[in-house]
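> Line by line, the protein sequences give chains A and B.
Using the working numbering, you'd call the opening residue of the first sequence number 1 and step up by one each time.
Using the working numbering, you'd call the opening residue of the second sequence number 1001 and step up by one each time.
Check each hint, because a few of them may be wrong.
Partial list, computed: chain A residues near chain B (C-beta under 8 Å) [what the hints assert, rightly or not]: (1) Tyr82; (2) Gln84; (3) Ala85; (4) Leu87; (5) Ala89; (6) Val185; (7) Ala236; (8) His257.
In case anyone wonders, no lab produced these hints; they're calculated from the structure.
Glycine is no exception: its CB is placed at the ideal position from the N, C-alpha and C atoms.
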Amino acid sequence: MNTAVLSVRDLSKTYVQRSGLFGAVKETRAVRNVSFDVGRGEILGLVGESGSGKTTVGRMAMRLLDATSGQVVLSGTDITTYSQARLRAVRRKMQLIFQDPSASLNPRQTIHRILRTPLALRGIDSDQDILETLALVGMSPDILNRTPAMFSGGQRQRLSIARALLMQPELLVADEAVSALDVCVQAQVVNLFVDLRDRLGLSILFIGHDLAVVGVVSDRVGVMYRGVLVEVARTADLFRRPRHPYTAQLLAAAPRHGAPLPPEPAPSQFSQASGGCVFAPLCSHMTSECLSRQPDLSEVGPAHQSACLRTELQLSGV
Amino acid sequence: MTDRNAAPLLSVRNLTVSFGGPDIVDDLSFDIGQGEIVALVGESGSGKSVGSLAVMGLLENATIQGSACLSGGVGSGEQEASTELIGLPARRLRALRGRRISMIFQDPLSSLDPLQTIGGQIREVLKAHTRLTGVALHSRSIALLEQVGIVDPEGCLALLPQRLSGGMRQRVMIALAIAAEPDLLFADEPTTALDVTVQAQVLRLLKGLRDQTGMAMVFITHNLAVASAIADRVIVLYAGQVVEDAPADVFFRRPAMPYSRALLSAAPRLEAVLAGYGHLEAPRGQVPSPGQRGTACRFAARCDDVRDTPCLASMPPLVSIAANGEAHHTVRCARWEELAP
């Protein structure tokens, strides 16, 4: 955990829209100054609702999308300005796992052919790695001649993980990788990610919307809201004692087994907050100072950062 | 809320559905009480959606056997006779839909007309079911939107569906579904596509509507935590069959079917995260497909408590395990008594 496999610094993505030729320019700040590290052998969860920018962050970290500003550092190398040609050489080290594995597995190819592709890129002829990797993801070697259509959603996700592993990556970016799976299969694949971290020392950026799922896999969790990373902490610390009101609201809204629905959160008295904290319009702890600026992410405890001015708040967790 | 001694609002018996091949839903029986919220829980392929669609008469090219009896409502002051929904002619089903039974789905956008304003769509529904016109029609539209918690109902009437957020669209769908004050609402994964804070709002709304109007609800979901937040009773489906049917508080405290226990322990929970588990208990393997269900217990191949006898000998029946005076509780497990904690 001493050296970061992935470091992003002040990463921002702004979309500019112009209405008409001479019309007003409208800026949408999809991601705002996001910084975090994923350590070696660490799973960092990134959780947020739709529109929070979590997927955009993942894509910028993979250099699949250019950042408006900021830096992406992979294992000590700044790849922010790498050309496509130079990127090709480092892409192997980071692999992306999507929500829908059937969209990323060619339906006309056999599993053998699909899994050979990454090996061919590495210049390896033998199938030994394929057999070992299939065992690692819990699939039997006699499936090699089948096509993706013959597998269930959970098995296809295992196959796309196997293909990613065959590139011998240092970092996996898993974007809602278990969200479409049924609960029993989801549990199996969640266990697989944890197992891969433990056995291969793999680093994983695990992006999702479900706090409980992200919490179960992750060593640390970052919470995003409207493009801003509002809190990062070790998972148990974040759940037990959230320091940002948005995190506390997310935890309270998550339905629990055998517990009644939480009451509606008290709305803020103010409705407008341009230039202020992104969460101010919905925050029941807002003060006039919150409307003046977006606070930076700052240290509020051991390995615990929050972007809230009101560090004195005692918020309830799980 | 629920009077178990009164006649059920909906009584489904031995419902079997196939699409020319093996049975997808197999011998499904359950009751929905007046004003009761029942969660139908299961993984994909369990038959929870197909079973519900069959009851609502929304399946095409399906062979449907069995019975789904909707007890008489109080229409225009008089008690109506009860109605058998299976095999009911389309014309009579249409007359029941909206007024007696109504439905909402996961994706409200595909159920709303993209080219018509929200106001136009509400008026259309109200005209079909009431005799309201003019000012009365308008004020009823406003009242409906207020009832589902839309802050600016007047402004909302003029909007097209695409202008609304996912949560607002689902609220509009709910307003349309309850416009004719149905006795029973089928809600098929209505909060699955919503963000967690919006999901909590919609769950609160649905539960509040039941408390206000006494409307019963069949809430179809794969998410046990959501079921726990809203349901009075939980029915678990596995491979086309009911495997457990229990009051929600009993179900979450001591589920009796090994599959129910497996589902509960496989679901990630906030509390477990605190305890520092990096691991979920998942049953091995997967749900058998309709052609491969066999004649024994369908969960046997994945069950940690399986025994050759009785589990593999024959299909266990759904038996009542409620003691005298306890609420209705049935389970499909031949070893439930030995396995009881």
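> Give a verdict on every hint.
These are the hints, each one checked on the structure:
Given the 8 Å rule on beta carbons, the hint for A:Tyr82 is violated: about 34 Å separates it from the nearest Cβ of chain B. Hint status for A:Gln84: violated, given a least beta-carbon distance of 35 Å to chain B, over 8 Å. The beta carbon of A:Ala85 is not positioned within 8 Å of any beta carbon in chain B (closest approach about 39 Å), and the interface hint is therefore violated. For A:Leu87, the interface hint is violated, since its Cβ never comes within 8 Å of a Cβ in chain B; the closest pair sits about 33 Å apart.
Annotation: A:Ala89 was flagged as interfacial toward chain B, and the flag is violated, the nearest CB pair being 33 Å apart, outside 8 Å. The beta carbon of A:Val185 comes within 7 Å of a beta carbon in chain B, closer than 8 Å, and the hint placing it at the interface holds. A hinted interface residue such as A:Ala236 counts as satisfied when its beta carbon comes closer than 8 Å to some beta carbon of chain B; here the least separation is about 6 Å, so the hint holds. Annotation: A:His257 was flagged as interfacial toward chain B, and the flag holds, the nearest CB pair being 5 Å apart, inside 8 Å.
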